[in-house]
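Fit chain B to the known structure of chain A by using the hints.
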Amino acid sequence: MSFMSLQVNEPGRSVLMTGNEAITRGAIEAGLSFAASYPGSPTSEILAHLGRLANEHNLYAEWSVNEKVAIEEAAAASFAGLRSLCIVKQNGLNVALDSLVSIAISGIKAGMVLVVGDDPGAHSSTNEEDSRLLSKVVHIPIFEPSTPEEAKQMTLAAYELSENLKLPVTLRCVTRISHASGNVTLGELQNVNKQAIFAKKDRYVTNAALHQLQEVKLAKIRQIADTLPFNTYKGPQNAKTVIIASGPSALYAPEAVNALGLDNEVGVLKLGMTWPLPEKFLLEHMKHAERVIFIEEIESFNEDNVMALAAQHISEIYPLEFYGQKSGHVTGPKGPGVGEMDPDKVKQSIARVLGVENNQAAEKPSLKLETPDVPVREMAFCAGCPHRASFWAMKSAVALDGRNAVVLGDIGCYSLALRRTGWALPQTMHAMGSSAGIANGLGKLERFGFKQPVIAVVGDSTFFHSTIPALVNARYTRANFLLVVLDNETTAMTGHQPHPGMSKNAMGEIVEGLQIEEVVKGLKLPVVIQDPYDVKGTTEVVYKLLQSEGTKVLVLSQACALVAAKASTRPRVYIDQEQCIGDSCGCNRFCSATFTCPATIWDPKKGKALIDEVVCNRCQVCVSLCPQGAIKVEGGANLDR
Amino acid sequence: MEQSKMPLRLRQEVMESGNCARCGLCVGLCPYIKTMNERIAFIHDCNREDGTCYRVCPRTPTNLSDLDKQVFGKERADHGLGNYLEILYARSLNKDLAQAGQYGGVVSTLAAYMVESGESQAAVLTKRQNNSPPTPCLARNREEVLSCSGSNYSASPTLSILNAGVRSGLEKLTIVGRPCQILGLRKMQALTERSEHNMSAKKVDFLIGLFCFWSLETEIYTYLRGKTGSARLLRMDIPQNYGVVTTENGEIQIPIDELRAFIRPTCQSCFDPTSEFADVSVGSTEYDPEWSTLIIRSTRGQEIVNKVCNAGHLETKPYPEERLPLLLNAVINKKKRVLESLSNGKGYEYLELSSDYTQGIEEGGVGR
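Protein sequences appear in the order of chains A and B. Residue 415 in the working numbering sits at position 408 of the first sequence, and the numbers go up by one each step. Residue 25 in the working numbering sits at position 24 of the second sequence, and the numbers go up by one each step.
Next comes chain B alone, as it looks inside the complex:
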């Protein structure tokens, strides 16, 4: 990378231009970038030429082909879903986790296994707070994982806790993150020529990526408080055409259009709704609330899923043949919209896409 004044560019091109995905990976690398109420800001310009912050940001120039080779050893064949080994339906066999989690409770079950089995010293998770932005959590045991179960819909910079966790000596970490967060971590892992200092992602050895088509602005919590009053918010879900907020007093339905008003504009530039660089990706089936979609991408992902299944915590079944085109279409359509807005001169161009990749998307994803 030849750019000069990288931190300054990060501030101007990403943060102040509204392109920050709020992954949180730049927070805590240095004393200058801080976060509050989900917003990330430079407290003071450091005036450095080089900046890890800029290099690892999921919204600075990113070469997908290089990342594919780095993570999976090969370019992708599927331009919709990226590299993967297997796509399945999965659900937890642990009642408590299944109940506390969203859909099949797969994420909680995987994370709980990682910390319980000792595969990981801790898992970086997101803990829902009652009607205010969630907070990052370093879960070291099953109970702590359980306390973080359930989905959050705002863009919370939870990776901010990773740098602090690694500095405190933690190793072998599991991360549960949005696609942008997974991308940032992989970019940091790619910085092999750099010293170990502040390369927290190198201490991460299992990445659970979430499906994410968009996230909501922090103001959603103010909005929700208006809907729920003083009632404690227990869970939120956006099944298909409406949002559901569960409070201690019952369920409140929210029209999807009202929620859409809170979608973060930068999510419209996102090219990766299924966490293409994770070891495993997990999302809704948009069909059967008992199950989750599980994409096993890497051999590491395969290995862990096998272990969790063998230990009797998780069951899987084949992804229904007839549902696959629906998922692929949704993903491809999102990618096409991004490409379209870029060719219209709108949007924020940070992906370095080879012609193979763009062509692949235009032709509908699979089969190349």
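Just chain A, with the same shape it has in the complex:
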């Protein structure tokens, strides 16, 4: 279960892999040449792996500026005859959607697979979103793996299908598949070195006339679906109750049936291709059933599609009852479709439908953690995170300005600022780059009496991803706002992937990074660069910029504390407990209770503050903020950061 397993060339051997590793492996076995992605959980690891394997397997792997560009590049490789892969998360598909719709219409040449990581329960996302609905809009087929093994096999199958139909194919992978591990049977590693050529006769053009062709393609796939090994039925021949499930739910369902002692009564139909549906296969099993239970995550996608199919064939399958999210039977505690499924929720749902006793075992969780209880940790900026200093400075400047400045949040680690760690400063948060767009809007409301200053806060990666057009717009409309770019020199939230501002690419090559200020200067907008660790100076700069009219940009430049700490030779920071006067200080435990850096803690024995030196990343920001001057740097000097 590691990167190493991706390099094992022993066909037939079974190796433990995560879902993401299995997809990576599958793509290489399928002869992948070109991969492009923008990072986002749960699928970030795939491109990172491909970047490391690039040389070995004659691949090109790229962290693109955003998902729209990534999918366009993957299409380009396909047009030129190379098998390509585009990896996005649910929200990323939204960004890429416009292009993807068109690419599906124009058609492609070599196999092109789109991996979409959905995040039921929104573990690492702003929201839950079911991307299957979008793939349906795009008119492309969807594979939904239930295990890492299946993820690999489906990747291979997706390339075959894509190339046969000249259509991109979606592999929808949820967090529990991407990050879970399972045995995967290895196939032959490919090392194709294919000649790319854009054939003179080829045309890839979006045209309404091609809609008809899309429907023809879908009809073909519908027939193929009936023969796919990924759609399975397990259970009694003529079960009266049939559960239809996909993804991880297709694993939970048999487990729940078994736990309820219903193995002889209930059958489970697993959909491996959830669009278009294997219609004959479904109808065949609905005919012998009296009731169908749908188990799936987020939207009632299968439920809606299968019920539509059933309605169309009502005379063949009547009588049949449907239970699922729509009937309210299949649900977790927060209501149908909200949050992840798990074996317990599935068991409860089935018991609810069948009116059976949910036996005692069901009351206990089917999974029990064998580890001791871990203390609850607050969602907070890391120790030494420059964002903490940046938000404290912005909060200070906003308070000193006194005109109720509106701070607009965006997507990145700094989304945490909505919580206590950022003093809940941002008042909005939407999609990548949205803060700048919203700032454009608020920045034009002066004629309606709007007098509040506006601050949009984006990270460096978000700046490149989707903030630049908003900045161009602002240059054009002279919108009144301050754009603060929290430049920590990496895409920190998703795992420190490189971006166009950095001097390294996905394959580890040295490249020329684009400076944010160069872009802003190119737009002829004022730009200031400031070190956020200098809280006082940053407060003054933000304050001054808020007093000026028009669009202006402040780059708060300081490396992510986690990256910096690795390379650091910074001196030790400690609290002189002789000088800290504890609760008799008017600071109200500022360092540990207000600034809340995880490294500053309260020493209950002495009634004074203390630095947890294991956690401290030695940024020295607290040194400048302690009103007693009790936080010291070893060697005395405030050394070069």
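Since the hints were made in silico from the structure, they are not lab data. Quantities reported herein were computed from a predicted structural model and do not represent experimental measurements.
List of simulated lysine to aspartate or glutamate pairs, DMTMM-like, C-alpha gap at most 20 Å:
hint	chain 1	residue 1	chain 2	residue 2
1	A	K551	B	E220
2	B	K318	B	D289
3	A	K551	B	E218
For chain B alone, kept in the frame of chain A given last:
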């Protein structure tokens, strides 16, 4: 004091209600109150019950009778000018200070003496900046005092530097301040039951109070920039019925009404135009630009003035008999206006005035 959530009350009752006098004494006591461009604000609510910030604020409940007893050992006889020993005309005998200072250069001369003689380690002064808000200054020698000479007319929270100065180890400090600033310092000095922590005012041992009938909003600097353009502003004065701005290109007169538009509303609630709790108070004579009015209030004030005169830096002469009623009237009228607006339900009531004090004012001040 029984109030709970004092810092919260300071924020709501003083800062957000526009009653902040901008003395600056609360700035730097804690990490939560900061100042920028003369404005003072809470960065974050500390949620503490008690707050030195609230206790020392010149705009929170203040008992004048208690303060009189604390500073002078007795209640006042003069309800116009407060406790004092002597009222004089004074002027500097140091040419450079006299020239750089306003009127008689008395404040600069006193402050320079304090730091030069070693009576004080430093003086907390206000340094004029060209056409933008002045900045606080810890002057440790004569040159630094000289660089701060001349009057400023905006409400600059210059005491913010005091807390930082004391924390850096300075003691025996001289303060030059507006009446509100002197009042705040005296309130802090009165907090005897509290620990030494953050009681910066206890390191202050000479208070030079300025006459101040009102101060101007920070926006005055934007206004002045409009008048002076890029010319460097050298000095500003408001002799009587007009303002005078001296730039490197010469003098510009400004109609008084235009200046009045910038008067801070909270100054209308101020009861103390002559720095009644200072050791000495200094102001214009409104008569003779060569001289300043000097009110010696405390024995400490007397002692220092004597020393400065004996050292040949300062000369004094009796206050012209016929001018005294004019000064007293101006002061009493201001106090009456405050009382009147309070009885009309307007204004901001923070003074705990005994009936003796109110009656004294209504009867015209002196002779009680």
